Amino acid sequence: MSVRVRFAPSPTGNVHIGNIRTAIFNWLFARHEGGKFLLRVEDTDRDRSTPEALQAVLDALNWLGINYDEEPLYQSGRIEAHLAIAEKLVQNGHAYKEDKGGTGKGDCTIFKMPGKDAVYTDLVKGELRKEAKDLKDFVIVRSDGTPTFHLANIADDIEMRITHIIRGDDHVENTFKHVALYEALGVTPPKYGHLPMIVNAQGKPYSKRDGAAFVGDFKAKGFHPDALFNYLALLGWSPGDDREKMTRQEMIEAFTLDRVKSGPSQMDLVKLTHMNAEYVAEMTLDDFIARVKDVLAGTEWALNADESYFRKVAELMQSRTHLYSYASGWKYFFADDFDYEEKPVNKGLKKDGVGQVLINLVAGLEGVDFLTAEIEKVIHTAEVAAGVKQGKLNFSIRVAVTGCATGAGLYETMVLLGREKVLKRLKYAADNFCG
RNA sequence: GCGCCCAUCGUCUAUCGGACAGGACACUAGGUUUUCAUCCUAGUAAGCGGGGUUCGACUCCCCGUGGGCGCGCCA
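If you use our numbering, the first sequence corresponds to residues 1 to 435, in order.
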């Protein structure tokens with residue numbers, strides 16, 4: 001029997017990070033087993049399930065490279081089928097109709113639990129059992145005639161011939177109900193595996209308040225999809241050795257559910273960022289430029305930039321770009337109206353004597369070839385003249401020329417900027433910031 | 001409240017009874033005879049507590065503690 005798994009999002013426009021990790025584990029499992037990864041769109045909430053919302057979900061999957069097999073199943077088109085199954089259960093004597101709780105809203109259809117202890121073996125948690133007294137009958141069709149989650153869920157899983165259900169931890173208790181439903185229908189239940197949840201620093205479910213929570217947020221913040229995928233795959237799962245940065249293929253080969261941890265894991269944006277930096281550092285320059293330009297779309301100085309000059313800047317900055325969004329700080333390479341950061345200015349420029357040193361530097365830099373070695377010599381000479389230690393002046397010069405405290409190699413940055421801009425900014429800084 | 005699940009450095013994790021509990025992020029200290037968000041080196045840091053089982057326990061069992069999840073005509 002070949003493996004068939006599914007990802008079943010509700011198209012509400014956003015895909016939560018916990019849900020996408022579930023998708024990743026399902027996908028990895030399917031690819032590892034040589035099976036199918038299917039998509040089911042749970043669009044029964046007609047108000048929220050707009051075409052745009054569905055497209056957002058599809059975009060998120062596509063962005064992360066999570067491809068699916070076969071045509072998606074739309075749950076909204078299957079209500080008749082769901083109800084037919086409920087009717088069959090009533091006829092079999094496995095379900096009954098009743099005005100539950102005496103609401104006066106009319107009868108709903110209730111599934112009758114078999115009244116025996118339930119047990120199943122979870123692919124990640126092991127054998128789980130529940131006593132009959134803790135298993136209550138539950139509604140499968142509401143009094144307004146609409147099927148509930150439980151009914152729709154198993155009906156569609158049967159229709160899609162799903163063999164393994166890998167889903168969030170919060171569904172463990174439901175599994176006893178679902179298995180009972182399968183058995184009442186005379187269908188062999190699929191295997192279940194429940195994934196622990198992703199929590200925040202407080203141990204609570206990871207949410208929007210903890211920073212980025214939806215796939216789109218990570219894209220907007222400048223994360224590379226492969227890095228997010230890799231990081232999420234390792235949250236709760238490990239290949240068993242010390243590998244962390246892995247290719248898709250390596251993850252597929254190593255992925256098994258018995259290596260999934262059963263306790264919750266805390267999301268660490270700092271570590272994700274580090275992993276992202278590794279992906280960025282090793283990609284080709286062309287790819288890097290394309291991604292960065294995507295982030296910079298709509299930014300005037302970037303749009304108007306000279307191609308080959310932009311390329312040089314990107315080359316210089318790639319290894320220090322942890323997130324694509326860092327590129328928004330490259331403005332000083334392209335335009336003179338960049339912002340000077342307050343702290344570095346206070347620390348590097350607003351000190352006695354710095355202004356004069358910068359002015360002296362202008363004179364020194366006017367007469368030499370504008371190359372790193374020559375620039376270095378001039379700066380050293382200036383340092384000796386000012387009686388400061390070698391390298392001491394670099395920070396002030398950097399702030400004067402770029403407005404930032406950090407960046408690529410100072411001399412390389414100056415060469416790229418060119419003599420004209422450098423001298424102009426040195427003078428500007430001396431005049432405007434230094435005492 | 002009842003039921004189920006979980007428990008290794010601050011965080012993500014390795015270890016599936018047997019040598020100094022390993023790696024990564026973060027942090028700290030050096031180095032790269034220039035900054036630095038890159039790179040290199042080193043260091044700090046963990047088995048929740050109590051009982052067992054065993055020659056031997058992080059690993060198995062029990063109790064406690066802590067945390068998570070569930071207990072809807074929500075999904």
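Hint data in this document are derived by calculation from the structure and do not stem from the laboratory. Keep in mind that the hints are not guaranteed to be accurate.
Unchecked claim - Label-pair restraints from in silico Cβ distances:
(1) Glu-71 - Ser-319: 42 to 50 Å
(2) Thr-284 - Glu-131: 55 to 63 Å
(3) Glu-300 - Glu-366: 55 to 63 Å
(4) Thr-247 - Asn-62: 14 to 22 Å
(5) Gln-91 - Glu-278: 53 to 61 Å
Claimed, not checked - Only pairs whose alpha carbons sit at most 20 Å apart, straight line, appear in this in silico EDC-like list of lysine to aspartate or glutamate:
(6) Lys-421 - Glu-376
(7) Lys-421 - Asp-352
(8) Lys-36 - Asp-69
All of these numbers come straight from a predicted model, not from anything done at the bench. Note that the Cβ used here is the ideal one computed from N, Cα and C, for glycine as well.
* **Structure versus earlier hints - violations, ascending order** => Checked against the structure, the hints that fail are numbers 3 and 7, while the rest are satisfied.
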